[in-house]
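Trainee: Could you slot chain B onto chain A? The hints should help.
2 protein chains.
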Amino acid sequence: MKLHILGCYAATPSLMGNPTAQILEVRDHLFLIDCGEGTQVQLRKHKIKFSRINHIFISHLHGDHFFGLPGLVATFQLLGREKELHIYGPSGIKEVVLMLLRVGNSWTSFTIIFHELDAKEPIEIFEDNKVTVSTIPLSHRIYTNGFLFREKSKERILNTEAVAAYKIDKAYFKNIKKGKDVLLENGEEISNTLLTLDPPKPKSYAFCSDTAYDPGISEWINGVDALYHEATFLASEAHLASKTMHSTAEEAAKIAKAAHVKLLILGHFSIRYKKKEEFIKEAVPHFANVQLAEDGKLVIF
Amino acid sequence: MKLHILGCYAATPSLMGNPTAQILEVRDHLFLIDCGEGTQVQLRKHKIKFSRINHIFISHLHGDHFFGLPGLVATFQLLGREKELHIYGPSGIKEVVLMLLRVGNSWTSFTIIFHELDAKEPIEIFEDNKVTVSTIPLSHRIYTNGFLFREKSKERILNTEAVAAYKIDKAYFKNIKKGKDVLLENGEEISNTLLTLDPPKPKSYAFCSDTAYDPGISEWINGVDALYHEATFLASEAHLASKTMHSTAEEAAKIAKAAHVKLLILGHFSIRYKKKEEFIKEAVPHFANVQLAEDGKLVIF
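Here the protein sequences come in this chain order: A and B. Quick note on numbering: the first sequence equals residues -15 to 285 in the working numbering. Quick note on numbering: the second sequence equals residues -15 to 285 in the working numbering.
Bound-form chain A, shown alone:
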């Protein structure tokens, strides 16, 4: 998976950086996660093709997570989009987008399919033959979901030398890649394990922003390859984190540890912090493999 971080700052666009937006690249999908003001320009800056975005996931309806969405929809229209666009987000998102189009006497010639969410338990909201996406209910001031992206297992990899040695006909390859054994014409059965190699392990990514510290999250994201967890504040502002239902770096690291994730990415920083090394310092005692989000950063896992 490739995670393009387009914006990782809290609350308001600033000279320091952009509000939340990410592109998760997995197989041939480009999933847009949140869409703060300025996301369009970030997409252009990082040469991400608008036409490849078909699914947009909005965590919650605070402006720094979706005020870029109406403009993006309008731009899709300007660009002559014809493909369906799926928007996943809290109930109310449809009304907002349609109203903003309506007051401009605008419309879209492509279909927008809204998937309005109100479940309080994790639910699967997207599935195809390559990926599933589920919600991660978060604890914030308004109804908020994180999103869990899980790649499905790829086919087994054909061991070309082995199949040649056994003189197996191409007609069998499809089934072999699906993990089936082969019965030769002479009656001999060849185990699939002799003919194939393990495919790469499917990857998984959890996006958790915005949220108060909630240990309950851990069970839903157990073992993910990468976790983006908000860390709006440092410990010195723990009282603000608590009051505004955000997390500190330490709390994010505790979630990462409890969930046995492989990599923790901290983000959604308050713009009060000019230097961010302190976030790493406060996280590391609890979870070692931690990175800081940065606008424009590409994380491959």
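Hints were generated in silico from the structure; no laboratory data involved. Wrong hints could be hidden among the right ones.
Each pair may be met inside one copy or between any two copies, as identical chains are not told apart.
[What the hints assert, rightly or not] DSSO-like mimics (lysine-lysine), calculated; alpha carbons at most 30 Å apart, straight line:
1. Lys259 to Lys29
2. Lys241 to Lys29
3. Lys(-14) to Lys138
4. Lys259 to Lys33
5. Lys258 to Lys67
6. Lys227 to Lys67
7. Lys265 to Lys104
8. Lys31 to Lys260
Mentor: Same frame as chain A, now just chain B:
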């Protein structure tokens, strides 16, 4: 007057520049005119104090002219604003702003006073002892107003040498600056023209975007010191200008000429044009004193 051009591009935010937003500085006012996506960052970049913005004028409800407004209102709240905020714009603007606050379970602790417009003739929408602002009805695909800002005459300037020579007491100065003559104790009447100098001529500014070519505009903006008129297209795309109810550079220049303005500023450029000298070339045969808008440009007149 000082005009800070924050964004002067049409349709969509891009790497080339920002959608429409301007700050007009006149006496102690900072009037914000339109508020496309990205306006907040432009305000910060150009060190314009958010707290000095008390009046926002929105021409029409196409996204490239107001999608930055909800985020700006949210930021005013974050910054602890207490002062009233006046928002002038087409009917519907109140519903939009309030809905976007409501879905985020947000509110403002300062009062927002919406001035919803639907008049089809020019009307005065703001007046204090220094400035008036009136609408300029424009011809666009949806209800749209330009805005005409007129400085009021300043007081006459006291000729300190003259009042000293006539030994006129300070108590008279207030009336003298208002243009009154003085009756000395010996019965002699001193004409005001002997005691004062002309104040600087009051300035005026007309903002006309977005609009089709409409010669009727000229009479309302006659003689203004500066006219910002949209020129979305060049003559080669005149058919698009006509179809989308925008103007060409030549048409903007014809309006400037007919209205006897002093300076024409062209803006709202389509991002299809990578070089903009052509806009000047097409305008100059009709009106000589023409400038191109640029993001970040300051025009003083």
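Trainee: Looking back at the numbered hints, which does the structure fail to meet, lowest number first?
Mentor: 2, 7
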